[in-house]
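S.K.: From first to last, the protein sequence lines stand for chains B and L. Okay, so the first sequence: first residue is 1 according to the numbering used here, each after it adds one. Okay, so the second sequence: first residue is 1 according to the numbering used here, each after it adds one.
None of these hints come from the bench; they were simulated from the model. Treat the numbers as computed from the prediction; the structure is a model and nothing was measured. One thing to keep in mind: the hints can contain errors.
Since copy identity is lost for identical chains, a pair holds within one copy or between any two.
[Said to hold, decoys possible] Mimicking BS3-like on lysine-lysine, the simulated pairs with C-alpha atoms at most 30 angstroms apart in a straight line are:
id, residue 1, residue 2
1, 83, 198
2, 83, 212
3, 102, 157
4, 212, 139
5, 198, 157
6, 102, 212
There are 2 protein chains.
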Amino acid sequence: MSLPTIAIIGGTGNLGSAIGWRLARAGYAITLGSRLAENAQTKATALGHGMTGASNAEAAAAGEIVIVAVPFSAQTATYAEIKPHVAGKIVVDTTVPLVPPKVMRVQLPPEGSAAALAAAALGDGVRMTSAFHNVAAHKLAQDIAIDCDILVFGDEKDARAEVVALADAIGLRGVHAGALVNSAAAEAMTSLLIFINKTYQVDGAGIAITGKLVPIS
Amino acid sequence: MSLPTIAIIGGTGNLGSAIGWRLARAGYAITLGSRLAENAQTKATALGHGMTGASNAEAAAAGEIVIVAVPFSAQTATYAEIKPHVAGKIVVDTTVPLVPPKVMRVQLPPEGSAAALAAAALGDGVRMTSAFHNVAAHKLAQDIAIDCDILVFGDEKDARAEVVALADAIGLRGVHAGALVNSAAAEAMTSLLIFINKTYQVDGAGIAITGKLVPIS
Chain B
1 MSLPTIAIIG GTGNLGSAIG WRLARAGYAI TLGSRLAENA QTKATALGHG MTGASNAEAA
61 AAGEIVIVAV PFSAQTATYA EIKPHVAGKI VVDTTVPLVP PKVMRVQLPP EGSAAALAAA
121 ALGDGVRMTS AFHNVAAHKL AQDIAIDCDI LVFGDEKDAR AEVVALADAI GLRGVHAGAL
181 VNSAAAEAMT SLLIFINKTY QVDGAGIAIT GKLVPIS
Chain L
1 MSLPTIAIIG GTGNLGSAIG WRLARAGYAI TLGSRLAENA QTKATALGHG MTGASNAEAA
61 AAGEIVIVAV PFSAQTATYA EIKPHVAGKI VVDTTVPLVP PKVMRVQLPP EGSAAALAAA
121 ALGDGVRMTS AFHNVAAHKL AQDIAIDCDI LVFGDEKDAR AEVVALADAI GLRGVHAGAL
181 VNSAAAEAMT SLLIFINKTY QVDGAGIAIT GKLVPIS
């Protein structure tokens with residue numbers, strides 16, 4: 001079975017470019033998206049591994065799975081930009097609702113989570129998931145082992161499984177973590193990790209689920 | 001320095017009795033509280049290690065640190081019961097806002113967290129913290145090693161540090177995780193852990209913070 005093609009919206013950012021780079025090295029065809037296609041093309045060329053660059057809308061149209069990696073403040077505008085191009089596709093929201101300057105405080109939106117906002121922005125007909133909230137982007141961007149689980153949320157098990165496979169493919173452990181509403185837990189956890197990084201001088205704390213997990217089919 | 005005396009409100013429940021038992025074995029003087037003093041006395045006698053039992057109000061009055069381990073549905077009534085007896089004390093809320101029957105879904109209260117509800121119930125003049133959300137009670141009740149970090153929340157660092165010390169004393173790792181508002185992350189995580197237990201056949205999944213944490217003074 002051939003690998004799905006992947007679009008990374010916000011693909012010039014720290015998280016998006018690192019996920020794209022790791023997926024490209026794992027053999028996936030990657031289109032990085034950015035507000036300006038030229039910036040995405042420059043980034044794609046710099047990172048290599050056959051990646052291409054395009055506008056966010058073009059990238060969304062090209063990808064079979066669409067990963068959205070933009071700051072919380074850009075989330076609404078970004079989803080408006082890609083909405084016409086993602087019908088029927090798996091969309092992976094990675095947004096963490098950090099509200100500067102108090103990024104070490106949990107500040108979930110009234111809607112419950114950034115994932116809920118993403119789902120509302122796209123409406124029905126999209127296979128909405130969320131993931132990649134807790135991994136440090138600067139670690140992902142290096143060719144190193146990372147001890148961090150990727151909690152994957154979504155109301156549809158098969159869509160979650162495809163995102164779990166992406167996490168596994170880039171050397172992390174994807175873990176099914178339930179319905180999209182549960183994304184709040186991982187999104188909130190990021191503020192704690194920033195606090196812990198500062199308090200305990202950690203270079204990119206992450207989280208791991210402990211206990212013996214029996215792989216699911 | 002002598003160890004603080006500890007009250008466990010809801011001390012006949014699975015989580016409360018297990019925390020009490022582990023703390024008693026670590027040398028702390030423990031008073032288990034329950035709605036009915038007699039039930040608490042019976043439990044204390046059964047668990048041994050010099051524990052005593054009392055009504056929740058009496059236990060709260062006796063403890064220098066007051067740990068509250070009751071179901072979400074009993075939280076409001078319990079705090080009303082102990083409020084007259086906890087002024088100036090460290091109170092450790094362990095409440096997880098699970099709303100049956102959908103306990104695998106994150107359902108945080110409109111106030112943001114159970115810890116926020118506890119703080120509102122007690123008002124000013126209490127050193128409010130929260131912790132022990134993610135550890136499996138049935139594991140705590142056994143004399144076994146447990147791989148689970150205890151995230152400790154509170155607006156006052158010194159109060160948090162005393163709760164971190166309690167977690168360390170019972171063989172877990174206490175971790176400062178920031179302001180009380182951040183409790184939402186650990187409370188929400190419990191629903192995920194229940195989902196993961198079911199999905200991956202885990203006997204009590206927990207969480208661990210990854211990365212190298214430098215101990216703080």
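S.K.: Run the structure past the numbered hints and jot down the numbers of the failing ones, going up.
M.R.: Numbers 1, 2, in rising order.
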